[in-house]
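Engineer: Given next are the chains, with one letter for each unit.
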Amino acid sequence: MILIVDLCYKARSLSRYEFVDPIAAIVKGTGSECEIVHFTELTGDLIERADRIILCGTALKDDLYARRIDLFSWIDGIEKPLLAICAGMQIVAAVFGGEIVPQPKIGLERIEIARETPLLGPPREIEGYHLHNFGVTLPPGFELVAGRPGSIEAFKHAERPIYGIIFHPEVRNRWVVERFADI
Amino acid sequence: MHLGVLFSGGKDSVFACRRAMETDSVVCLITIVSENPESYMFHTPNVCWADLIAEAIGVPQIIVPTAGEEEAELSDLRDAIFAAKKRYGIEGVVTGAIESVYQAARVQRICRELDLWCFNPLWQIDQVEYLRLLVSEGFEVIVTGVFAYPLDESWVGAGIDEERIRELEFLQKRYRINPSGEGGELETFVLDGPIFKKRIEILKAEKTYENYRGRLIIQEARLVDK
Numbered sequence: 001m002i003l004i005v006d007l008c009y010k011a012r013s014l015s016r017y018e019f020v021d022p023i024a025a026i027v028k029g030t031g032s033e034c035e036i037v038h039f040t041e042l043t044g045d046l047i048e049r050a051d052r053i054i055l056c057g058t059a060l061k062d063d064l065y066a067r068r069i070d071l072f073s074w075i076d077g078i079e080k081p082l083l084a085i086c087a088g089m090q091i092v093a094a095v096f097g098g099e100i101v102p103q104p105k106i107g108l109e110r111i112e113i114a115r116e117t118p119l120l121g122p123p124r125e126i127e128g129y130h131l132h133n134f135g136v137t138l139p140p141g142f143e144l145v146a147g148r149p150g151s152i153e154a155f156k157h158a159e160r161p162i163y164g165i166i167f168h169p170e171v172r173n174r175w176v177v178e179r180f181a182d183i
Numbered sequence: 001m002h003l004g005v006l007f008s009g010g011k012d013s014v015f016a017c018r019r020a021m022e023t024d025s026v027v028c029l030i031t032i033v034s035e036n037p038e039s040y041m042f043h044t045p046n047v048c049w050a051d052l053i054a055e056a057i058g059v060p061q062i063i064v065p066t067a068g069e070e071e072a073e074l075s076d077l078r079d080a081i082f083a084a085k086k087r088y089g090i091e092g093v094v095t096g097a098i099e100s101v102y103q104a105a106r107v108q109r110i111c112r113e114l115d116l117w118c119f120n121p122l123w124q125i126d127q128v129e130y131l132r133l134l135v136s137e138g139f140e141v142i143v144t145g146v147f148a149y150p151l152d153e154s155w156v157g158a159g160i161d162e163e164r165i166r167e168l169e170f171l172q173k174r175y176r177i178n179p180s181g182e183g184g185e186l187e188t189f190v191l192d193g194p195i196f197k198k199r200i201e202i203l204k205a206e207k208t209y210e211n212y213r214g215r216l217i218i219q220e221a222r223l224v225d226k
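Chains as they are written, first to last, in my numbering: chain A, 1 to 183; chain B, 1 to 226.
It should be emphasised that the hints constitute simulated quantities derived from the structure, not laboratory data.
Note that this is a predicted model, so its numbers are computed, not measured.
Any given hint could be a false lead.
Claimed, not checked - No more than 30 angstroms apart at the CA atoms, straight line, and that leaves these computed lysine-lysine pairs for DSSO-like:
id, chain 1, residue 1, chain 2, residue 2
1, A, K105, B, K85
2, B, K226, A, K10
3, A, K61, B, K85
To be verified - Beyond 10 angstroms from chain A on every Cβ pair, some chain B residues (computed):
id, residue
4, R19
5, V59
6, P65
7, G157
8, L171
9, P194
10, T208
11, V224
All C-beta atoms in this analysis are idealised placements derived from N, C-alpha and C, irrespective of residue type, glycine included.
Please model the entire structure based on the sequences and the hints provided.
Structural biologist: Structure follows, in structure tokens:
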């Protein structure tokens, strides 16, 4: 089962249709089972039962997740594959000692994949949809996968299958979620 | 949250409004009437009748005209959203965008500039499933414009039902037509639905069709009790 964590400002919000349901639809399209849970309703049992976990993005104006990093300490010890999208990537960065920094970006932009990983494949250029007010600094123990310092597009934990991407894969890059379901 | 919905009277803005009403409070509808039939951003056929739908739903409407030139219409949209913020105290804007990054990114930028939330509750939805959802939830949607091969004259004025949805599903596979028409292949108008207090009856309309381009121009319409 793939656990999809809704990071929107409240459970069952209007934003869920935009940031959570499209990810769930891609996961279901791979034939994988998924469960959706809001981050304030996450339990140890759900995390334990999940084979993989996805942290979704949220609306541009939403910053509740960043004020409740305390609810995500479980990520620190996670060994299973985790894909953290946009707001999710910011949470992962903060949990592992990186910083969330102002870095607004809206729209399609080129992304330079610099390092080969099972998630994004070999180095090349792709185009991705961005919708964020904040970016991240590289946390200790993570490798830069795409982008550059000061504009990190993707990172990976050096030893564990923990990935962060700042772009939204549900727009024109569904293959990213499909590959994650297979990692 | 108090929200304003970008509203053309087409199925996407009406269904986005329906979803917003389920979670939040829709306090106004924002309609941009473009003088340019090839508008980059705004649904144009019959948008002048969106006021009748607003009345049927029972939500106040802000109507702003625009010359419909590419960047000027964005500035008109910004002004309309700003007016909605001042007049109705909206905290966020709702759009019916499904796939259009062009449209979505521009509205996101305007909302950011005006310190408003932006919601796209149909974003990336499976278009065929979405059409079926519209029908199953009781929306009565008609096609008011076709603009792509091989949509024939029978589509102009036709109601969206299971048979038409199956046809669109086939055309999607065969000709890569967007079943919901977001690529400009077809445009729609909503006559009734679960958020309508009254339904719309078209009394007089003119049909034009030539070379896979056709329109149903509504000339007279009224609200009737349900």
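Engineer: Against the structure, test the hints numbered earlier, and report the numbers of the ones violated in rising order.
Structural biologist: 2 and 4
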